[in-house]
Amino acid sequence: MFRRVVNAVEIFAAIGAVAFVILLFANNPGGAPAAGSVGAQLFSANCASCHGVTGGGAVGPQLSGGAVLHDFPNEADQITFVANGRGIMPGFATSLTPAQLKAVVDYTRTDLAK
Amino acid sequence: MTAPAQTAEPSAGLSTATKLLIMLVLGAAVAVALGVYANQHTPTGRKPYPLFFSGMIELKVWFATLALALACLQLLLAARLYGKISIPKQEPAWLGDAHRLTGTLAFAVTLPVAYQCLWGLGFETMNTRVVLHGIFGCAFYGAFVIKVLGVRWKGLPGWVLPVAGGLVFAMLVGVYLTSAVWFFTSSGQALY
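First to last, the sequence lines map onto chains A and B. Count the first sequence with numbering that gives the first Met the number 0 and you get residues 0 to 113, in order. Count the second sequence with numbering that gives the first Met the number 0 and you get residues 0 to 191, in order.
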């Protein structure tokens, strides 16, 4: 009896593994492609995986729709936060230049805020 | 090392070295394929199924904890199967099946975690921890393929399964150290 249960669980796990592979390729929700600006490209490369391609939030909080303006009324504070990070948010001071930091922050405060 | 006897069944006439090579190549192929997918796929940044957790990362951390707990239990069961420990003194008839069940469940629990990592986040390089996490994650599934082939293919040397199982366990520990341990100790996030 126990062996039958184990066999059944193995079959379900195998089905799960197959579904895992299929969904990796079949489940494409789309989303806004990165626009041409430097800030948009930096956002796509560094931020979108946690905050979502449109900044709607995922592992990281929502940035779009003015949310980031509410959290950081002062742009300099946001730049400092992105540079240094805090908690789960990694710091980007070593991977982005000050100009790039400003560009990506500008992008979140303008294009994503619309 | 006293290993459980394996059936010396000639499988399709392949030599042991050929079987081992095929296992290694297939395992490496799976690990590399997952890495290539993670690197090439545009991360969706979505959190598809947080269930009753406050966020996707919390779900992933606790599922990974469950997977590691099951893997530790499986390791203990393997140690009893191989006579490395003698508790209980009399080996129960269901021990082998329990070993299979815990391993299968541990693998199944990792799937939703890996799915969000690969599909939602992709292969990230923002710091050493994240890079190592991606490598361990891909290597875990490669090692798992090697282990499954080792279980299914009869006639292999007795050391193959313990080594393959140890490799899978080591990769899972690596994944856990570079994610959940970091989450619990350094992230400052809510625990669930």
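Please note that the accuracy of each hint is not assured.
[To be verified] Which chain B residues face chain A? A few, computed with CB under 8 Å, are given here: (1) Pro-42; (2) Phe-51; (3) Phe-52; (4) Leu-58; (5) Leu-94; (6) Leu-117; (7) Gly-119; (8) Glu-123.
[Said to hold, decoys possible] Only part of the chain A face toward chain B is listed, based on derived beta-carbon distances under 7 Å: (9) Arg-2; (10) Ala-7; (11) Glu-9; (12) Ala-13; (13) Ile-14; (14) Val-17.
Since the hints were made in silico from the structure, they are not lab data. Just so you know, these numbers come straight off a predicted model, no measurement behind them. Here a beta-carbon is modelled for each residue, glycine too, at the ideal position from N, C-alpha and C.
How the hints compare with the structure:
no., hint, verdict
1, Pro-42, "4 Å, holds"
2, Phe-51, "17 Å, violated"
3, Phe-52, "12 Å, violated"
4, Leu-58, "11 Å, violated"
5, Leu-94, "11 Å, violated"
6, Leu-117, "6 Å, holds"
7, Gly-119, "6 Å, holds"
8, Glu-123, "6 Å, holds"
9, Arg-2, "5 Å, holds"
10, Ala-7, "10 Å, violated"
11, Glu-9, "5 Å, holds"
12, Ala-13, "9 Å, violated"
13, Ile-14, "10 Å, violated"
14, Val-17, "10 Å, violated"
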